[in-house]
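Visitor: Listed below, chain by chain, are the residues.
Protein chains: 4
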Amino acid sequence: MLTAAAARDRFAATRGLTELLAAPLSPEDQTVQSMPDVSPTKWHRAHVTWFFETFVLDRFADGYEAYDEAYRMLFNSYYEGVGPKFSRARRGLLSRPGANEVGKYREFVDAAMDDLLAGATDDDTDLLTLVELGVHHEQQHQELLLMDIKHVLSIDPQGAVYRPDAVDRSVTSPLTWTDCDPGGQVEVGHDGDGFHFDNESPRHTVFLEPFRIADRLVTAGEWAAFIADGGYERHELWLSDGWHIVGEQGWTAPLYWEAYGDSWIVHTLGGPREIIDGEPVCHVSHFEADAYARWAGARLPTEFEWEYAATRHGRAADAGRPFDVERLQPRAAAGTDSLEQLYGECWQWTSSAYLPYPRFRTAPGAVGEYNGKFMSGQMVLRGSGAYTPTGHARPTYRNFFPARNRWMVSGVRLAADIADA
Amino acid sequence: MLTAAAARDRFAATRGLTELLAAPLSPEDQTVQSMPDVSPTKWHRAHVTWFFETFVLDRFADGYEAYDEAYRMLFNSYYEGVGPKFSRARRGLLSRPGANEVGKYREFVDAAMDDLLAGATDDDTDLLTLVELGVHHEQQHQELLLMDIKHVLSIDPQGAVYRPDAVDRSVTSPLTWTDCDPGGQVEVGHDGDGFHFDNESPRHTVFLEPFRIADRLVTAGEWAAFIADGGYERHELWLSDGWHIVGEQGWTAPLYWEAYGDSWIVHTLGGPREIIDGEPVCHVSHFEADAYARWAGARLPTEFEWEYAATRHGRAADAGRPFDVERLQPRAAAGTDSLEQLYGECWQWTSSAYLPYPRFRTAPGAVGEYNGKFMSGQMVLRGSGAYTPTGHARPTYRNFFPARNRWMVSGVRLAADIADA
Amino acid sequence: MLTAAAARDRFAATRGLTELLAAPLSPEDQTVQSMPDVSPTKWHRAHVTWFFETFVLDRFADGYEAYDEAYRMLFNSYYEGVGPKFSRARRGLLSRPGANEVGKYREFVDAAMDDLLAGATDDDTDLLTLVELGVHHEQQHQELLLMDIKHVLSIDPQGAVYRPDAVDRSVTSPLTWTDCDPGGQVEVGHDGDGFHFDNESPRHTVFLEPFRIADRLVTAGEWAAFIADGGYERHELWLSDGWHIVGEQGWTAPLYWEAYGDSWIVHTLGGPREIIDGEPVCHVSHFEADAYARWAGARLPTEFEWEYAATRHGRAADAGRPFDVERLQPRAAAGTDSLEQLYGECWQWTSSAYLPYPRFRTAPGAVGEYNGKFMSGQMVLRGSGAYTPTGHARPTYRNFFPARNRWMVSGVRLAADIADA
Amino acid sequence: MLTAAAARDRFAATRGLTELLAAPLSPEDQTVQSMPDVSPTKWHRAHVTWFFETFVLDRFADGYEAYDEAYRMLFNSYYEGVGPKFSRARRGLLSRPGANEVGKYREFVDAAMDDLLAGATDDDTDLLTLVELGVHHEQQHQELLLMDIKHVLSIDPQGAVYRPDAVDRSVTSPLTWTDCDPGGQVEVGHDGDGFHFDNESPRHTVFLEPFRIADRLVTAGEWAAFIADGGYERHELWLSDGWHIVGEQGWTAPLYWEAYGDSWIVHTLGGPREIIDGEPVCHVSHFEADAYARWAGARLPTEFEWEYAATRHGRAADAGRPFDVERLQPRAAAGTDSLEQLYGECWQWTSSAYLPYPRFRTAPGAVGEYNGKFMSGQMVLRGSGAYTPTGHARPTYRNFFPARNRWMVSGVRLAADIADA
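Chains as they are written, first to last, in my numbering: chain A, 1 to 421; chain B, 1 to 421; chain C, 1 to 421; chain D, 1 to 421.
Hint data in this document are derived by calculation from the structure and do not stem from the laboratory. Possibly wrong hints are sitting among the right ones.
[Unchecked claim] Label pairs and their computed distance ranges (CB to CB): (1) A:164 - B:161: 37 to 47 angstroms; (2) A:233 - B:115: 49 to 59 angstroms; (3) A:164 - B:115: 28 to 38 angstroms; (4) A:164 - B:202: 26 to 36 angstroms; (5) C:260 - B:202: 41 to 51 angstroms; (6) A:69 - B:115: 48 to 58 angstroms; (7) C:114 - B:35: 52 to 62 angstroms; (8) A:233 - C:263: 26 to 36 angstroms; (9) D:250 - A:338: 52 to 62 angstroms.
Source: prediction; values computed, not measured. Ideal Cβ placement from N, Cα and C applies to all residues, glycine included.
Model the full assembly from the supplied sequences, consistent with the hints where possible.
Guide: Here it is, written out as C-alpha cells:
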C-alpha cells in the first residue's frame with residue numbers, strides 16, 4: 001500500500017510520463033485508430049483520466065462535478081457496471097474532444113486529484129488503494145499508447161517516425177540454457193506483499209517437472225533463418241488455427257517486417273531500418289512463437305516454469321535497464337551465460353492459457369471487471385517489454401493477448417524438457 | 001473557355017474558398033474518415049492540389065518538381081492511368097501529412113500555378129482548359145468537403161457544430177404544379193457553349209410525353225407525415241432493393257433525423273435542432289425518394305423532364321441565392337406558384353440511371369477517367385444544393401450517386417403524368 | 001388470352017417439361033444451393049406449384065385446401081403481400097420436403113388444376129389470365145432450373161454431367177453488320193396483342209439515332225483473343241465497378257472457363273470440354289460485355305436499338321431452332337450476312353438499365369410484385385437463350401440481371417454508331 | 001491392443017452402426033450442411049471410409065487400388081500431410097457422389113478390409129493399431145453424425161424428426177455434492193493400458209486443492225430458472241467474450257430452445273416437444289455454462305478435478321446405460337446421493353483450456369495431425385454423451401470444442417472450492 005506521500009509522487013510522475021509520451025505526436029497522430037485493437041493517443045490520455053474521475057473522484061472527492069458529463073460514456077472502455085460506452089471500434093471516428101481539449105480535461109482532473117491527495121493521510125486506505133490501481137492502470141495504457149502509435153505510424157507508406165531511436169548493434173552470443181529442477185511442488189502467484197493485480201493471486205501450489213529455459217530471447221537473425229528454412233510454409237510446424245491465419249493473412253514474417261532484397265526492413269518507432277541480427281525478434285503472435293519453437297526442437301515455457309525460473313535464477317525485475325523513451329527498441333542480450341532479458345526487452349509468450357488461479361474471485365462492483373472477465377481465449381505472456389514503464393514489472397505479472405495478436409512487443413524465450421533439451 | 005485573366009481570378013477565388021471552408025475545422029476534424037464514402041478534409045485539400053500538380057504543372061510548367069513524390073500516390077483518388085493510389089477506405093488512417101503540412105503543400109502548388117498563369121495568354125487553350133477543369137473539380141470537392149465533414153461531426157454523440165447556422169423558419173405554401181407539354185422531341189444535354197463536364201454531352205434528341213412537375217421540393221413536414229403513415233413499414237411502397245436496405249439498416253427516417261418525442265431532431269452543420277416543417281427534406285436515398293413519390297401518388301421526374309422543365313419554366317441557375325457559408329441548410333420555398341428551388345437548396349433525385357449519352361466518348365488519357373467509368377449502378381440527380389459553390393450549377397449538370405446513398409444534400413421533387421396528376 | 005382448351009394444353013405441357021428437366025437429377029442434385037442466387041431444383045419444382053396454388057386455386061377453386069400449410073411459407077419466393085417467406089439464401093439448408101415429396105405436391109396441385117380447368121370456359125378471363133401467367137412463370141423457372149443446376153454441378157471438381165450434349169463444331173464466318181436507320185421516332189414495347197409481362201408495356205415512343213448492329217454474337221474464339229490481348233488486365237477498358245470486381249473476384253475469363261495449356265476448358269451441362277472457337281461466348285457479366293465492346297471499338301446496343309433491329313431486320317422469335325433438351329449449349333451462327341442468333345442461343349446484354357417504361361403501373365395486389373419492384377440496379381438483356389423454353393421468346397421481352405451476374409446464358413452482340421462503325 | 005479377431009469384430013460392428021445411424025435419413029437429409037461446423041451425413045460415411053483407405057489399405061493391402069482417386073481429395077478432412085482437401089465449409093455444395101454411391105464406396109472398402117483382416121494375425125501390431133484407431137475415429141464421427149443431423153433437421157420450420165424418441169419424464173432430486181480431498185499430488189492422464197488417444201497422455205502429476213463436485217448435471221428446469229432470473233441479461237455473470245456473443249447472436253436460451261408461452265419447446269432428434277424439468281440441460285456453450293455456474297455461486301470443475309472425482313468416486317464408464325438409438329435424449333438422474341451422469345448423458349464443460357500434457361509429442365506423419373494441432377483456443381469437456389457409442393468413453397477422455405460452440409450434447413456439472421461450497 002502506498003503512503004499518501006508516495007501516492008502524490010507516483011500520481012504526479014505517472015501523469016507526467018503520459019504527457020511526455022504524447023508530446024512528439026501531432027493532433028492528427030493522436031486521432032487515428034489504425035485497426036480495431038488500437039486506440040487513438042488522445043483517447044488513452046482521456047480514458048486514464050476518466051478512470052481517476054470514475055473510481056476515485058466520484059467516490060472520495062466531496063462535491064466533485066464532472067468536467068463533462070458526456071465523457072462518462074466517451075471514455076469508458078469496457079466497464080459495463082459504470083454505464084454505456086462508446087463503441088471501441090469507432091474511437092478513431094471521434095474528432096472531438098481534440099488533443100488540446102483532452103489536455104484541459106487532464107489538467108482539471110489532476111487539479112482535483114491534487115486537492116484530494118493533499119488532504120489524504122496514510123489511513124485513507126480505500127482511497128490509496130484505488131489511486132495506486134489508477135497509477136498502474138495508467139502505466140498499462142502508457143505501454144498501449146506506444147504499441148498503438150507504432151501501428152498508426154506504420155500505415156504511412158513513407159515510414160513515419162515517432163522519435164529517433166538510438167540503435168544498438170551489439171552482437172549476441174550463441175544460445176545457452178539454464179536447467180531448472182523445481183523438485184515437484186512449487187508456490188506460484190503473488191504473495192500479497194506490495195501492489196499486484198487480482199489475476200496474480202491467490203498464491204497457490206503447482207507441480208512442475210524438471211525443465212530447461214533459454215538464457216536469452218530468440219533473435220531477429222535466428223528468425224530470419226527460420227523464414228529461410230520455410231518456417232511460414234510448412235504446415236507441420238503450426239497449430240491448425242495458426243496455419244489458417246498464415247494463409248488468410250498472408251503472413252510471411254513478423255509484423256512490421258518487409259522483405260528488402262536478401263534482408264528485412266523493420267518499422268520501428270524510430271522509423272524503418274534494416275533488422276539487426278542480435279536484437280530480439282518481436283511482434284510475433286503466439287502461433288508464430290509456437291511454430292518457431294517446434295522448428296527449433298524446443299517448446300514454449302508454461303507461465304509457471306517462467307515464473308519459477310525468473311524467481312530462482314533471474315535478476316530482479318527492476319535490476320534491468322530503466323525505461324528510456326529514447327531507446328524503445330529491444331536490445332541484444334549481454335550474453336553472460338545466465339538468464340537474461342527477462343524484463344525490459346520483449347514480453348515472452350508462454351504455453352499457458354489465461355485462466356483464473358484456484359480460488360480466484362473478482363472484486364465486487366465495476367472495478368471487478370478489471371481482469372477477471374477476460375479470462376477466456378487468450379494466452380499468457382510473462383516478463384515485460386521495452387515499452388513497459390519503470391516499476392511496472394514483476395515476476396508474477398500476467399500479461400495476456402489472443403494467440404493471433406502481434407502488435408505488442410512480444411518475443412520468444414524457448415524451453416525444453418530436461419530429458420530431450 | 002476562360003481567358004487567362006479569368007483563369008487567374010477563378011483559380012485564386014476557388015483556392016481561397018476551400019481554405020475558408022476548412023478554417024473552422026481543427027486538425028483532428030480534418031483527419032477523421034467516418035465511413036468509406038467520406039474523405040478527411042485534409043485529404044480533400046491535398047487531392048485538389050494534386051490534381052493541379054498532376055494535370056497542369058507536370059505538363060505545362062517547365063522543370064516543375066513535385067513538392068513530395070510520395071504525395072503522387074497518397075492523393076491520387078481514382079486515376080488508374082496516373083499510377084498507384086492509396087486505398088480509399090483507409091484515407092482516415094493516415095495522420096501524416098497533417099493539416100498544416102497540407103497547407104504548405106497548397107501554398108507551394110499555388111505559387112507554382114501563379115507563376116505559370118502569370119505567363120499565360122488567352123491562346124494557351126490546352127492549359128486554360130485544364131485549369132478550368134481543375135477549378136470545377138475543386139468546386140466539386142468543396143461540396144464533398146461539406147457533405148463529409150457533416151457526417152464526421154455527426155458521429156459525436158453530443159452533436160458537434162461546424163459553424164452556427166442562421167435558421168430560416170419560413171412557412172411553405174401548399175404544393176402546386178407546372179404542366180409541361182414538350183410536344184415530342186426535345187433537345188437535351190449541353191450545347192457546348194461554356195464549361196461543362198463531358199457527361200453532359202453530346203447534345204441529343206429524346207422523346208418526352210406531357211408531364212407535370214412540382215413547383216417546390218418535398219418538405220420536412222410532409223416527410224414526417226409520410227413516416228407517420230407507415231412510410232418505412234409498408235413494403236408495397238418500396239423497390240425491392242430499397243425494402244431490403246430498410247430492414248438491414250433499420251431506416252425509419254432520413255439520415256441525420258432522430259426521433260424526439262413527437263417531433264424530430266435533425267443534425268445540421270449548425271448542430272442539432274428540431275426540424276422545420278417548411279424546409280426541404282434532405283439526406284434521403286433514391287429508394288426513399290421513390291417510395292415517397294409512390295406514397296404521394298406521383299413519381300420522380302426523369303432527368304430529361306427535369307432539364308426540360310428547368311430550361312423552359314425555371315429561372316437561371318445563377319438567379320437564385322448565392323452560396324453562403326453561413327446559410328448551409330436548405331431553406332423553405334418562396335411559394336410563388338412557379339417552379340422554385342431548382343438550384344441552391346437540394347439536389348433532386350430523378351428516375352434516370354446514370355448512363356452515357358448517345359455518341360459519348362471519354363477523353364484519351366487519365367483525365368478521361370473523370371466521369372465515364374462511373375456510368376454504372378448509379379442514379380442521376382439534377383439541380384444543385386446548398387453546399388454547391390457559386391458558378392457550379394447548370395440545367396444540364398448531371399450529378400450521380402448510388403441509389404442507397406444519403407449523405408449528399410439530396411431532396412425530392414415530384415412529377416406525374418399529365419393524365420393522372 | 002388463352003382459350004380454356006389452350007390453357008389445359010399449355011398447363012399440361014409446361015408442367016410436364018419441368019419434370020422432364022428434373023428427371024436426370026438425383027435427390028441430392030435437387031437439394032444443393034451452390035450460391036445465394038441459385039435455388040435447389042426441388043425448390044423450383046415446388047415454387048412454381050405454389051404459384052398456381054396461391055394465385056389460382058386459392059382464388060378460383062371452391063373449397064380448395066392446401067396440400068400442406070407450411071408450404072405457403074417455404075415456397076413463397078418474394079411476394080411480401082402473400083405472407084412470410086423462408087430465407088432465400090437458406091433454401092439449400094432444407095432437406096425436407098424431399099424430391100419425391102415435392103413430386104407428390106406437384107401431382108396434388110396438378111389434379112386440382114385439372115379439375116378446375118376441366119370446368120373452365122373461354123369466358124373465365126380472370127382465371128385464364130392467371131393460368132397463362134403461371135405457365136409463363138413456370139417457363140421462367142425452367143430456365144432458372146437449368147442455370148442453377150449448371151452452377152451446382154460445376155462445384156464438383158470432377159466435372160459432373162447433367163445430360164450428354166450433342167456438340168456442334170461449326171465454324172463461324174467473319175463478323176458482318178446490319179445498318180439501321182430508324183429515322184428518329186420509334187414505337188417500342190408490347191402492343192398488347194398476346195401474352196406479355198407488365199414490364200414490356202406500355203408501348204411508347206423513343207428517339208433513336210442511326211446505328212449498326214452485329215449480325216451474330218461474339219464467339220468464344222474472339223473472347224480468347226480478348227483475353228490474350230490483356231482484356232482482363234487493362235483498367236482503361238472497364239467500368240470502375242467492373243474493374244473492382246475483376247480484382248476482388250480474380251476474374252480472368254468467363255464463368256466456367258478454366259485455363260488448360262494454351263486453350264480453355266469450359267464446364268457445360270454435358271460436362272467439361274474444350275471451347276469451340278465458333279460457339280458464342282456465354283456466362284459473361286455486363287461488365288465483361290461492356291469491356292469487350294470497348295476493346296473491339298464498338299459498344300453494346302440499347303434495349304430499344306436491339307428491339308428495333310430485331311423487329312425490322314430479324315426473323316421471328318419462333319423461327320429459330322426449337323428448345324431441345326439434348327442441345328443446351330449455344331451453337332455457332334449460320335453466317336448468312338444477316339441478323340442471326342437473336343433467339344435461342346444467348347441472352348444479349350444491352351446498355352440499358354432496367355427501368356419502368358413511361359406510364360408503367362404495377363397491378364394491384366401481390367401479383368403486382370412480379371416485376372415492378374425489381375426496376376432498380378439491374379441491366380436489361382434481350383433475345384432469349386438456349387435454355388429458354390419454346391414459346392417464351394418475344395422481341396419485346398425484357399430480361400434483367402445485376403451487372404455483375406454471370407450464371408445466366410448471357411452473351412454479347414455488338415453495336416456501333418453509324419458514323420464510326 | 002486388439003487381437004486380430006477382435007479387430008474383425010470391432011470393425012464389422014462399427015461399420016454396421018454407422019449405416020444403422022444413417023438408415024432413417026433420406027438422400028436429401030444426407031446432403032445438407034446447415035452451418036460450416038456441420039458435415040453432411042454422406043460425407044461422414046465417406047470420410048471414415050477414406051480414413052481406412054488412406055491409413056490402412058494404402059499401407060498394408062498389397063496392390064490396393066483406390067475406389068476413386070478423386071475421393072482422396074473430396075473426403076480428406078484436415079490432413080495436410082495427405083494432400084489437398086475439399087473446402088470444409090463447402091461440403092454441403094457437393095451433390096455427388098450421392099448417398100447410394102457412398103454406400104458402394106463403403107462396401108468396396110469393407111470388402112478390402114475384410115480381405116486384409118482375414119489374413120492378419122495378432123503379431124501385425126502396426127496394422128491392428130491403425131485399425132483400432134480407425135474404429136475409434138469412426139465412433140467419433142458417429143457422434144458427430146448425430147450432432148450434425150440434429151442441426152440439419154432443426155432448420156425445418158416444421159420440426160423434422162430423425163427417429164421417434166422414447167421420452168423419459170423422471171423427476172430429479174435436489175442437488176447434492178461429493179467432497180473430494182485429493183491430498184495434493186494426483187496422477188492424471190491415461191496409464192497406457194488399453195486404447196486411448198494421444199492427447200490423453202503422458203500420465204503426469206498435478207496438484208489439486210480440496211473441492212466439491214455436483215452429483216448430477218444441471219437440469220433443464222434449473223436452467224429455466226436461470227433464464228427467468230435474467231441470466232442472459234446480466235453482464236456481471238459473463239466472461240467478456242461470452243457477453244459479446246450473447247449480444248451479437250441474440251442468445252436468450254440454449255440452442256434448440258424456443259419460447260412457448262411460459263414454457264420452452266426443445267428441438268430433439270425425436271422432434272420438437274416441451275422441456276422436461278428433470279432432464280439435463282444440453283446444447284449450451286462454455287460461456288453459458290460458466291455464467292450459469294457464477295449465477296449458482298459455484299464454478300466449473302477443472303478437467304483434472306473431474307478426472308479425479310470420476311476415478312475415485314464414480315462408476316465405471318461402461319457401467320451406465322448402453323448406447324441406444326431409440327433413446328438419444330439425455331435422461332434425468334437417478335438421484336442416489338452419489339456421483340451420477342458422468343457418462344452417457346451430456347459431455348461436461350470444464351474450466352480447462354485444451355493444451356498438451358507435459359512431455360506430449362505428436363506421432364510422426366499425417367496421423368500425428370489427429371489431435372495435437374488443435375491444442376489452441378478450445379476448452380475441454382469430459383465424460384461422454386447420449387450420442388457416444390458404447391465402448392468409446394473413458395475417465396481420461398478429452399473432448400474439446402471452442403467456447404462458443406453449442407451443437408454438441410454439452411451440459412454442465414458444477415464444482416466448488418471446499419471452503420465456500
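Visitor: Return the numbers of the hints above that this structure violates; sort them in rising order.
Guide: Failing hint: just 4.
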